[in-house]
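Protein chains: 2
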Amino acid sequence: MSTADLSNGPVCPIPISNYPNVLLAHGGGGKLSHQLISTMIAGHFDNPALRQLHDGAVVTAGGAQLAFSTDSYVISPIFFPGGNIGELSVYGTVNDLTMCGAVPKFISAGFIIEEGLPMEQLWRIVQAMKAAADRAGVQIVTGDTKVVDRGKGDGIFINTAGIGLIPSGRAVAPDAARPGDRIIVSGEIAQHGIAIMSVREGLEFETTILSDCAPLNGLVEAMYPVSSGIRVLRDPTRGGVASALNEIAGSARCGIRIHEQQIPVNAEVRGACELLGFDPLYVANEGKLLAFVAAEDADTVLAAMRTHPLGAKAAIIGEVVADHPGTVVMTTSIGSSRVVDMLSGEQLPRIC
Amino acid sequence: MSTADLSNGPVCPIPISNYPNVLLAHGGGGKLSHQLISTMIAGHFDNPALRQLHDGAVVTAGGAQLAFSTDSYVISPIFFPGGNIGELSVYGTVNDLTMCGAVPKFISAGFIIEEGLPMEQLWRIVQAMKAAADRAGVQIVTGDTKVVDRGKGDGIFINTAGIGLIPSGRAVAPDAARPGDRIIVSGEIAQHGIAIMSVREGLEFETTILSDCAPLNGLVEAMYPVSSGIRVLRDPTRGGVASALNEIAGSARCGIRIHEQQIPVNAEVRGACELLGFDPLYVANEGKLLAFVAAEDADTVLAAMRTHPLGAKAAIIGEVVADHPGTVVMTTSIGSSRVVDMLSGEQLPRIC
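Chains as they are written, first to last, in the numbering used here: chain H, 8 to 359; chain Y, 8 to 359.
In short, the hints are calculated from the structure, not lab data.
A few of these clues could be false.
Just so you know, same-sequence chains aren't split out, so a pair can sit in one copy or run between any two.
[What the hints assert, rightly or not] Straight-line distance between alpha carbons at most 20 Å, and here's what the computed SDA-like set of lysine to any residue pairs gives:
(1) K38 to F285
(2) K137 to G16
(3) K159 to P125
(4) K38 to S351
(5) K159 to G123
(6) K320 to T307
(7) K137 to I44
(8) K137 to V18
(9) K38 to E254
(10) K159 to L31
(11) K137 to A56
(12) K38 to P332
(13) K38 to H51
(14) K320 to V272
(15) K137 to N54
In isolation and in its complexed conformation, chain H is listed as follows (with noise of 0.2 Å):
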């Protein structure tokens, strides 16, 4: 048997006495998160491709340059405004290839059912998916479904995996910040945390605050022809904008420097936020992205942007320093410094 087996191998590089179960924070986007990923899960993987901890991987097969990713879509509730678990899972996945200069081609789709779901939601849940697929110009082409019995899971779960290409001469990397780098944020931010949070909480406000859940790709096609200095993109999902930036001024042992008054945020999201005790910066995004670009590309690459639906309110919100590597520095709105650290424990989960 296994257990048996696997007895004399190495040591859980995650302190057991510590963590002896998975919490909830270690899906939470936040430091236990990082931890567990980094050292435990893609550690013991360890490959180049995965030492990266790109959205996604890019690999090489029978000569051509790929870019392939997977998120699980675990969210709750299934329907929200704005949006459902299917077209999520299908733009998250979009975002994940568009983040690694990839052009989406391909997806698949795996489904967790938990039994007694409505026959009618998985039909919405369905035509939600193709309709994402259908704006985003991918092919769901490959598929699993499972059902678990009631009480093993909730509702519907969905995986989605995704192949895109990337153009040649396109090379995006979380390490390829450089100081100098001006750091361009695609639109409002933090919608898409407070629509779920909302729904969940029962909050009413005077409009209903909407997913923000979008496919990116779209976006990037308007930003590569006017600039060869996009050195990073990320979507800010999980964790938010501040969890993003760290991780990148991690990669990229550099330091970051942001202006909270150029960050873009919705009065409405703003007023939720304060209500339910939320930063904004740490606060998922599903149609958002962040990109690096070389100082002298930046208001090129931001009038693009403005050009497109989706980059309509993009700004430039920070740049990056050579100063405290690793570190993520903000200039208040009263003009005084403070560090934005990753997301430690949890506070949103299952929000996508």
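Dock chain Y against the given chain H, drawing on the hints supplied.
Showing chain Y alone in chain H's frame:
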């Protein structure tokens, strides 16, 4: 909200009056699964790659011919005689790629962990995945980890997707079977399902029945050099040999005749099947394949398979016939004939 958006969409192809909710049997690998997948999911996503209803999709990207496949593993228990969910999740996708004629290259891993899973169990699973990837000669290059609240999952579910490269000149497809083709099974059937069920039922046999879970890419690489007449490859997992043969008979619009006396079944597995009331033809395998081979090459391919450890007990078990298209008929050990239908309802839930 999504509810309203889709209310005027097409009608659900599954009659909701008959099936208002998803049943366990919709994931069992039999008739209801087939109906759900072919009419609702694949039917709605419709595209040429999906229409093949292969173990994976065959796609072209950047000039390379690729196989792309996904599977979610929701097996219970997660540790079983002969393996655990970790190696199962790697071998399962390796085998699906192999059944497309591909050389498996890259694997993704998506973990959905229930809060409270012992960290030490996760570590054993991660180690098993790495060992399985090494044995199969593939790299786990990308992944995702989600944690769901206690009671909303079941220990751990793993999704894997994979990319394989199809060497030029290889073309296998479920609809490529032709009357006269011989059907080869690579070894004794029904071991995986019985290994799982014997744990669940607390059965004890003289020797422990082990799962057959294994990577089949090495075996297939021993077959291709001796024949250009390999028409169909299929690994008979959920739903067993009977369901796989029915799917192929349906795709190829041919009849299939198999011979009960020629089907290799281990004596203890046969005994366990009798005790549990199962027909071994419907029990899942995780390290066996069915090959449909041109009649003139069948003996050569069989001999090549027998030189490989995973094909030592390979046998020719039947042939494709022009009669009764879409139907599988078995000559029984007492000389009569009976129809071998696709599994209906739920035989072995959560077997993989």
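Okay, which hints does this one fail, numbers in order? Violated: none.
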